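Here's the letter readout for the chains.
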Amino acid sequence: MKVTSPAFKENATAAIHDTQLQKALGNVETGFVAKRKKGAASLPEFEALRDSARDLKIHVLKHLDLYLEAYERKVIASGGHVHWAETAEDARRIVTDICRRLGAKTVTKGKSMITEEIALNDHLEAQGIRPVETDLGEYIIQLRGEHPSHIIAPAVHLTKEQVAGDFRRVHEHLAVDRDLSEPVTLLSEARAVLREQFLAADVGITGANFLVAETGTSIIVTNEGNGDLTQTLPKAHVVLASIEKIVPTLEDVDTLMRVLARSATGQEMSVYTTFSTGPRRADDPDGPGEYHVVLLDNGRSAMLGTEFEDMLRCIRCGACMNHCPVYQQIGGHAYGWVYPGPMGAVLTPTLVGIEQTGHLPNASTFCGRCESVCPMRIPLPRMMRAWRAREWEKALNPGTQRFGLGLWAFLARRPGLYRLAARIGRWGLATLSGGRGRVARLPLGDGWTKHRDMPAPEGGTFMDRWKAGERP
Amino acid sequence: MNARDSILSKIRRSRLSSPDDSARRATVTERLRSHPAGIVPARGAVEGEARIALFVEKAEAVFASVARVASSAEVPGAVAAYLRSKNLPQAIRRGEDPRLAALPFDTEPQLAVSVGPSDGHDLAGLSQALAGVAETGTVVLTSGRDNPTTLNFLPEHHLVVVSAEDLVGDYETVWAKVRSIWGAGSMPRALNMITGPSRSGDIEQTMLLGAHGPRSLHLIVVGG
Amino acid sequence: MTTPSPARRPRVALFVTCLVDLMRPTIGFAAVKLLEDAGCEVVVPPSQTCCGQPAFNSGDRKDAVALAKRVIAEFEGFDFLVAPSGSCAGMIATHYPELFADDDPWKARALALAAKSRELISFLVDDLGVTSTGARFDGTVTYHDSCSGLRELGIQAQPRKLLAAVEGLTLTEMKDPDVCCGFGGTFAVKYPDLSGAIVTKKCVAIEESGATTILAGDLGCLMNMAGRMTRTGSKVEARHVAEVLANMADGPAIGAAKTGE
Chain G
1 MKVTSPAFKE NATAAIHDTQ LQKALGNVET GFVAKRKKGA ASLPEFEALR
51 DSARDLKIHV LKHLDLYLEA YERKVIASGG HVHWAETAED ARRIVTDICR
101 RLGAKTVTKG KSMITEEIAL NDHLEAQGIR PVETDLGEYI IQLRGEHPSH
151 IIAPAVHLTK EQVAGDFRRV HEHLAVDRDL SEPVTLLSEA RAVLREQFLA
201 ADVGITGANF LVAETGTSII VTNEGNGDLT QTLPKAHVVL ASIEKIVPTL
251 EDVDTLMRVL ARSATGQEMS VYTTFSTGPR RADDPDGPGE YHVVLLDNGR
301 SAMLGTEFED MLRCIRCGAC MNHCPVYQQI GGHAYGWVYP GPMGAVLTPT
351 LVGIEQTGHL PNASTFCGRC ESVCPMRIPL PRMMRAWRAR EWEKALNPGT
401 QRFGLGLWAF LARRPGLYRL AARIGRWGLA TLSGGRGRVA RLPLGDGWTK
451 HRDMPAPEGG TFMDRWKAGE RP
Chain W
473 MNARDSILSK IRRSRLSSPD DSARRATVTE RLRSHPAGIV PARGAVEGEA
523 RIALFVEKAE AVFASVARVA SSAEVPGAVA AYLRSKNLPQ AIRRGEDPRL
573 AALPFDTEPQ LAVSVGPSDG HDLAGLSQAL AGVAETGTVV LTSGRDNPTT
623 LNFLPEHHLV VVSAEDLVGD YETVWAKVRS IWGAGSMPRA LNMITGPSRS
673 GDIEQTMLLG AHGPRSLHLI VVGG
Chain E
697 MTTPSPARRP RVALFVTCLV DLMRPTIGFA AVKLLEDAGC EVVVPPSQTC
747 CGQPAFNSGD RKDAVALAKR VIAEFEGFDF LVAPSGSCAG MIATHYPELF
797 ADDDPWKARA LALAAKSREL ISFLVDDLGV TSTGARFDGT VTYHDSCSGL
847 RELGIQAQPR KLLAAVEGLT LTEMKDPDVC CGFGGTFAVK YPDLSGAIVT
897 KKCVAIEESG ATTILAGDLG CLMNMAGRMT RTGSKVEARH VAEVLANMAD
947 GPAIGAAKTG E
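Chains as they are written, first to last, in the working numbering: chain G, 1 to 472; chain W, 473 to 696; chain E, 697 to 957.
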């Protein structure tokens with residue numbers, strides 16, 4: 001996927017002025033935020049569970065190599081295959097090799113952000129293999145040739161009218177008078193079309209929410225049931241998962257399940273939590289004949305031991321973006337790569353490099369709402385700040401910003417000079433305001449005055465007035 | 473070095489403060505062996521009728537329908553009544569589960585019961601749950617000839633029989649049961665936790681039932 | 697009004713903050729009054745400038761450390777450091793210790809100062825047990841929870857508690873008072889369109905609350921909201937909550953013309 005993060009500012013401005021998008025984004029704010037609040041309130045133990053979920057993942061990361069080895073042994077013991085992929089390219093090659101060996105023409109896919117990360121669909125198509133996204137939201141954006149704008153609600157940037165237009169364009173069997181005006185009619189249409197695809201597919205590809213070391217099990221958490229049809233019906237089930245998805249035991253899965261859906265959609269439990277262990281067994285009447293797990297690193301092992309290690313706790317619930325005032329204004333596409341919102345602002349630079357993605361950790365007010373709702377208590381603002389520090393060290397931020405801050409810091413270390421500068425600054429602002437109480441256009445400060453006035457200073461500086469003996 | 477060893481050694485380098493990682497290994501071995509439970513919500517710590525009531529309340533809250541019958545002899549009648557209420561043909565497909573096989577389906581002569589996995593042409597499927605979890609109104613189903621996984625997902629209507637004695641308070645109790653049947657560290661090929669009928673909110677966050685899996689989930693609680 | 701009766705009056709060093717110093721000294725004087733009324737001895741350390749947060753949040757660790765050391769040295773000798781800002785107090789109370797390595801002697805000093813650094817309103821309520829400031833304000837106000845104060849220091853109930861005791865004042869909550877106003881320090885200048893969109897939404901919520909005054913505990917947020925409201929011709933006035941609590945809300949509001957000019 002092409003990285004458009006360097007154009008973040010332009011993307012964001014375009015998003016703010018996109019009326020369709022703004023209408024769709026209204027649903028994020030009223031929907032997800034209220035639902036998460038209800039979900040969190042549904043369980044008295046919720047906050048304590050967040051603590052133990054965090055501690056659990058810290059434990060896993062400390063012992064990641066050993067749990068991965070234990071997991072691998074169990075997958076093999078249950079008749080499955082484990083493939084290790086250091087890079088996106090390795091993972092793509094492994095998946096296409098499996099598909100080719102099985103002579104696959106159609107591949108169904110459950111919703112998986114990691115397949116977006118490695119741009120699997122483009123690669124499969126280039127090999128003559130047709131990938132069919134089966135999650136309703138993913139299906140819609142595949143029809144549109146787009147990418148997900150949200151990690152759990154990929155089509156959240158669209159309105160029902162836009163979806164109806166796409167169905168009419170692509171589903172050529174549709175009668176012209178077929179009513180597609182409501183989400184329910186759209187869903188029926190998608191269900192009918194995709195049912196045929198499920199039954200025709202040769203290989204099913206899913207991601208994994210968790211991998212269980214104790215049993216060699218992969219877990220997907222869904223609401224639609226598309227992931228289950230994807231993995232149950234074809235000849236082979238391929239699980240693509242990144243290495244940090246490991247949890248030790250089934251009891252540990254319980255802890256994470258109890259915070260995941262509540263944080264994501266406010267549900268107490270997603271509809272389908274499916275535990276898959278190996279291929280079809282001797283007397284199984286259904287299930288995939290082959291079971292493959294592709295364990296992807298793609299830069300994650302390099303995050304261990306750095307200030308970004310905590311990011312590997314993420315369970316991809318989407319709460320951070322749902323609650324982010326910036327995401328709420330611009331949606332996911334403006335961020336310019338696979339992972340949007342606060343979690344993307346931390347993760348994307350580690351995966352594609354800070355040089356291209358420098359805007360992302362800067363485009364935050366540090367309001368901290370993301371961290372306050374993160375089920376894994378990931379210190380997202382702290383890590384965005386860590387990226388800013390790396391940018392500062394590498395002098396990647398704009399020269400004007402570095403000069404301005406440098407000058408200010410120089411003065412702030414010298415109180416005498418600072419007082420003088422404060423007096424001059426106060427006088428300058430007061431003069432510009434001309435007694436109107438505000439300045440409508442600041443020279444060198446048009447970023448501030450583009451959408452708002454600069455209030456004029458009240459009169460005198462506090463330190464001067466205090467020194468002069470003024471008291472309340 | 474192959475990809476596996478390369479990834480593992482990168483991880484290990486960042487994890488090890490000394491060459492001796494026997495303490496880390498012991499920690500991992502012990503955790504996998506003892507699988508300690510985390511925080512178990514107090515909500516599920518109820519028994520008898522209160523547990524059944526919680527299960528029913530939570531299942532209905534996620535749009536499952538629930539019927540309660542006194543004994544398994546009444547299950548065929550409950551199945552037929554559900555199909556009638558939905559204007560469905562009197563036909564259902566089930567697996568080979570001995571508890572389902574033992575049901576007196578002859579009490580409903582119009583009900584056609586077929587056996588085996590689904591190929592996508594069945595309107596209604598019938599399964600026997602390994603357990604029902606009161607905590608969230610979840611039913612737990614396991615793959616195999618007894619209850620083929622395809623019956624959980626392909627039919628439009630999924631009917632699940634849960635014995636009251638198989639109702640548990642929390643997920644942790646399910647794992648104890650799984651370990652007692654399949655052995656420590658082992659699982660059936662597929663274990664499905666199902667909490668309500670299939671749904672999607674992908675279009676404008678409007679919640680709709682029946683995305684790709686069953687449009688309705690009907691639970692029949694036996695006994696209690 | 698209630699006054700604690702400790703054996704000795706707490707010696708409080710007022711951290712004025714650079715914005716209050718430059719833009720709105722009234723907030724500083726209001727802070728002094730509130731602290732003195734609550735029984736504190738107030739000192740204004742004379743060579744203070746800025747806490748260093750702009751450098752810290754821009755990734756400029758070196759300048760952040762240099763400024764933090766200045767603040768630590770100047771303020772560590774008092775019983776408390778108090779700032780009329782959740783943002784600056786949060787910087788000192790939660791982030792200063794992050795600036796120093798464990799084996800750096802400054803680490804212990806940073807931790808010690810962090811432990812006695814407070815935001816003004818929460819200090820009055822939580823540490824001094826103030827339940828009323830004896831103020832009067834005739835009007836309907838709405839209160840914006842500034843992010844750092846809210847999420848780093850847990851300031852939410854305290855200002856509302858003291859406002860409830862102000863005679864003549866009616867508090868009406870806006871929609872989502874705990875959602876960011878879009879200020880974010882340098883964010884407001886670096887991403888003007890984004891910041892503008894967020895503050896526009898905030899100001900709609902303020903207008904819809906029906907209040908005639910917006911109060912908050914951070915001047916940065918107040919300048920952002922006031923600037924947007926004067927730009928759009930809103931009649932809502934913006935003030936720091938300390939001005940109201942100290943009975944010093946009779947001058948022009950933030951961004952309003954001086955009377956008579």
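These are computed hints drawn from the structure, not numbers from a lab. Predicted model, so just to flag it, every value in this text is computed and none were measured. Careful, some of the hints might be misleading.
Derived pair list, reagent style DSBU-like, types lysine-lysine, alpha-carbon separation capped at 35 angstroms [claimed, not checked]:
| # | chain 1 | residue 1 | chain 2 | residue 2 |
| --- | --- | --- | --- | --- |
| 1 | G | 450 | E | 812 |
| 2 | G | 467 | E | 871 |
| 3 | E | 758 | W | 482 |
| 4 | G | 62 | W | 649 |
| 5 | E | 886 | G | 37 |
| 6 | G | 9 | G | 467 |
| 7 | G | 467 | E | 897 |
Evaluation of the provided hints:
1. G:450 x E:812: 39 angstroms, violated
2. G:467 x E:871: 42 angstroms, violated
3. E:758 x W:482: Given pair residue 758 (chain E), residue 482 (chain W) holds - Cα atoms ~31 angstroms apart, limit 35 angstroms.
4. G:62 x W:649: 30 angstroms, holds
5. E:886 x G:37: OK: residue 886 (chain E) and residue 37 (chain G) at ~32 angstroms, within 35 angstroms.
6. G:9 x G:467: 44 angstroms, violated
7. G:467 x E:897: The hint is violated at about 41 angstroms.
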